[in-house]
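Peer 1: Each chain, written out:
2 protein chains.
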Amino acid sequence: MSVTPIVELGRRAAAAAPAVAGASTARKNEALGIAADLLEARASEVLAANSDDVAAAGERGESATVIDRLELTTAKIAAMAAGLRQVAGLADPVGEVLGGWVRPNGLRITQVRVPLGVVGIIYENRPNVTSDAFGLCLKSGNVAFLRGSSGAIRSNLSIAAVLRDALVKAELPADALVMVDDTSRDAAVEFMQLRGVIDCLIPRGGPSLIASIQLHATVPYIIDGDGNCHLYVDAAADLDMAEEILVNGKTQRPSVCNALESLVVHAAVADAFLPRVDTTLADVELVGDERAVAGIVRCEPAEEGDFSREFLDLKMSIRVVDSIDEAISHVNASGSGHSEAIVTGDLRAADRFIAEVDAAAVLVNASTRFVDGEEFGFGAEIGISTQKLHARGPMGLRELTTAKYVVRGDGHTRG
Amino acid sequence: MSVTPIVELGRRAAAAAPAVAGASTARKNEALGIAADLLEARASEVLAANSDDVAAAGERGESATVIDRLELTTAKIAAMAAGLRQVAGLADPVGEVLGGWVRPNGLRITQVRVPLGVVGIIYENRPNVTSDAFGLCLKSGNVAFLRGSSGAIRSNLSIAAVLRDALVKAELPADALVMVDDTSRDAAVEFMQLRGVIDCLIPRGGPSLIASIQLHATVPYIIDGDGNCHLYVDAAADLDMAEEILVNGKTQRPSVCNALESLVVHAAVADAFLPRVDTTLADVELVGDERAVAGIVRCEPAEEGDFSREFLDLKMSIRVVDSIDEAISHVNASGSGHSEAIVTGDLRAADRFIAEVDAAAVLVNASTRFVDGEEFGFGAEIGISTQKLHARGPMGLRELTTAKYVVRGDGHTRG
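So the sequences go chain by chain: G and Y. Here the first sequence stands for residues 1 to 415, numbered as in our numbering. Here the second sequence stands for residues 416 to 830, numbered as in our numbering.
Read the hints as simulated data drawn from the structure, not as lab findings. Don't take every hint at face value.
Partner residues aside, some chain G positions facing chain Y, computed with beta carbon under 7 angstroms [stated by the list, open to error]: (1) GLU244; (2) THR279; (3) ARG291; (4) VAL293; (5) LYS388; (6) HIS390.
Label pairs and their calculated CB-CB ranges [said to hold, decoys possible]: (7) Y:GLN501 to G:VAL3: 52 to 58 angstroms; (8) Y:ASP761 to G:VAL102: 19 to 25 angstroms; (9) G:GLU40 to Y:ARG426: 52 to 58 angstroms; (10) G:ALA272 to Y:PRO420: 24 to 30 angstroms; (11) G:GLY411 to Y:PRO420: 39 to 45 angstroms; (12) G:ALA91 to Y:GLN501: 17 to 23 angstroms; (13) Y:GLY473 to G:ARG103: 39 to 45 angstroms; (14) Y:ARG813 to G:THR25: 25 to 31 angstroms; (15) G:GLY106 to Y:ALA463: 45 to 51 angstroms; (16) Y:PRO420 to G:THR25: 50 to 56 angstroms; (17) G:ARG348 to Y:GLY514: 35 to 41 angstroms; (18) Y:ALA494 to G:GLY411: 52 to 58 angstroms.
Remember, it's a predicted structure, so these values are computed and weren't measured experimentally. Idealized CB from N, CA, C, for every residue including glycine.
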């Protein structure tokens, strides 16, 4: 299969950016609606391409998990279409006035929300990301410049073809979605270095992708990183509440980044709480420090690195601390800055945890599982940022924009 | 001179960050006041160190410009002190609530402005940046982790020693300011790669520093880049106003990033306006396209690349266009996304220029020289961002912060 040079694709994406940035909300919503309809109408075409990817994955001996993520069904395509329709219903962030003031010399300044331009997204084996990322980029006035994995390339190109047809039907440039067809590693590096084309790169994938971005990228990027999330059960915790939040955070969906990985228990309630962990997390492998091992029958001694490990599985580390100071230090030292929760009835403890824990989200008496764009009410999310620049925490449409200062004078010159 | 390993300095900076982030506004202001007083009281100590740097620069045969930037005087030290006192008078951005809402399930979410943590700044031969950057970082609750140039190292260490003493007097950690004493290139690269220590890196320097950051940095950074700023004189421009704004933008301070580099004139007013340029910019070297050369006696043909060059000098490129479309395309193609101005009396032209020009700041009937933190009313600035992530345009105290989500529940678990 012959592929298109990355530089040529970048040129197309950049060329389409002004028209996409300037498109009205009505036109963008129309395109999203047409895209949703077309995805459903041409589902068989997408499913055929996908079944080739799935067959190839089977031949390569990929795991059931990988194949499950890769495989599309009519229901999954309907969910993709529903996602596009949902994004059409969200408020358009473009044009929002973030602030404005008049200077003593009469100069009028406003700061207005505008699209980033070209948003690059690198992702792994989930073809539905093609449609989800496209929807969020379009609604926020950005060109979606997408680079999926080689294992899903037939599915991705098929979905992209449908979405590009929808764009043209809505009288928007087809290049509002540009899909990279060269899935080689060299092309990925070239993609990460398209300065002047990609205004913001968002990787959606595991640690090796993040490491590659940090090593190679010369375009601005936002890290959607690990979530080594802690639950701290304070001395003043309601232990029934703590147990419910623990079970929810750890077991409701252990493979996601806002799931709990580590439990921190104040020594004053360790004797009362740890035996409950033993039974309530019956399906979870437990590793811990000396006091956790002493207090929980099934708990094994933690190995080097276990306290800073994101298990993404039914496994949890447990530590007993003597004070909230020790709890905060431990969370800050071993956490990944994603989501950290405390259960307490003590106002001072809650305030200190909120102020002193350094993370995108800090929760009091609530499950870390709430930290995502849907649960925050953003309608949809492009990821969860664990860095501090630009966006921190769940990223919705607003996080896909930047700002422009508009300065109005009447012949003003500087003295 | 033995130097401290970068990693060790990074450890110190990171260790100081929680105390600096948690410091009250009153304490930070007190520290800024003490620092200002101490800088003036110990001016002779700083001047002695500086004179060694200046002597060494003379021996190396540095230019008068370089030495002028490097050399401190009692007046310059007083200005540094005044800058610190001014920052003490600015509003503290930390703790500002950016938004808040209640979810249907009763979960209460607020987004609060918090310090970045450790702000790394790499800068060139101006020792006053040591004090200016420290002031802005401290006020915004951040540790200032500074790396100046080798040519100013004695001055920088001397200023840093004074400022660190002031911190201790205000009962803040001395390591709220950490100055790198290893000015080797290897150390600079190591600095740019201190992931987990530097939360945001801001380079203040020329194109070679920016290129080095883009090549080596693995920490998040904000580019304070070139300003290839245009003035577009529209068909509906008041030509007297255009002339004043042109002269101000080009000649008031040609060496700065918000100075004009390029003039774009609509063909309809070229005959009337170009001859005025000839006389009004009498001290400026002019290069242009064919029509500019034809219309201006002193104008020489532009060479390859002149239209995208930041001269930072009394030199200007001139282009004649047939439409506002052509003007906008030219500005977007050759500009650096800093500040772009239009002079027009036509509302539609103004609106189109504002909407379609892709820059940090777009100005209507005002000089590009207004685009800086002071003129915008931020009180002080750490730089002007030409990238789109996190901050775009003049960066004040707010741009040195990030946000944290605080989620409060009452035993909430996700269904």
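Peer 1: A separate judgement is required for each hint: does it hold in the structure or not?
Peer 2: Hints versus structure:
no.	hint	in the structure
1	GLU244	holds (5 angstroms)
2	THR279	violated (18 angstroms)
3	ARG291	violated (25 angstroms)
4	VAL293	violated (27 angstroms)
5	LYS388	holds (4 angstroms)
6	HIS390	holds (4 angstroms)
7	Y:GLN501 to G:VAL3: 52 to 58 angstroms	holds (56 angstroms)
8	Y:ASP761 to G:VAL102: 19 to 25 angstroms	holds (23 angstroms)
9	G:GLU40 to Y:ARG426: 52 to 58 angstroms	holds (56 angstroms)
10	G:ALA272 to Y:PRO420: 24 to 30 angstroms	violated (47 angstroms)
11	G:GLY411 to Y:PRO420: 39 to 45 angstroms	violated (56 angstroms)
12	G:ALA91 to Y:GLN501: 17 to 23 angstroms	violated (39 angstroms)
13	Y:GLY473 to G:ARG103: 39 to 45 angstroms	holds (42 angstroms)
14	Y:ARG813 to G:THR25: 25 to 31 angstroms	holds (28 angstroms)
15	G:GLY106 to Y:ALA463: 45 to 51 angstroms	holds (46 angstroms)
16	Y:PRO420 to G:THR25: 50 to 56 angstroms	holds (54 angstroms)
17	G:ARG348 to Y:GLY514: 35 to 41 angstroms	violated (26 angstroms)
18	Y:ALA494 to G:GLY411: 52 to 58 angstroms	violated (31 angstroms)
Violation of the numbered hints given earlier is confined to hints 2, 3, 4, 10, 11, 12, 17, 18; the remaining hints are satisfied by the structure.
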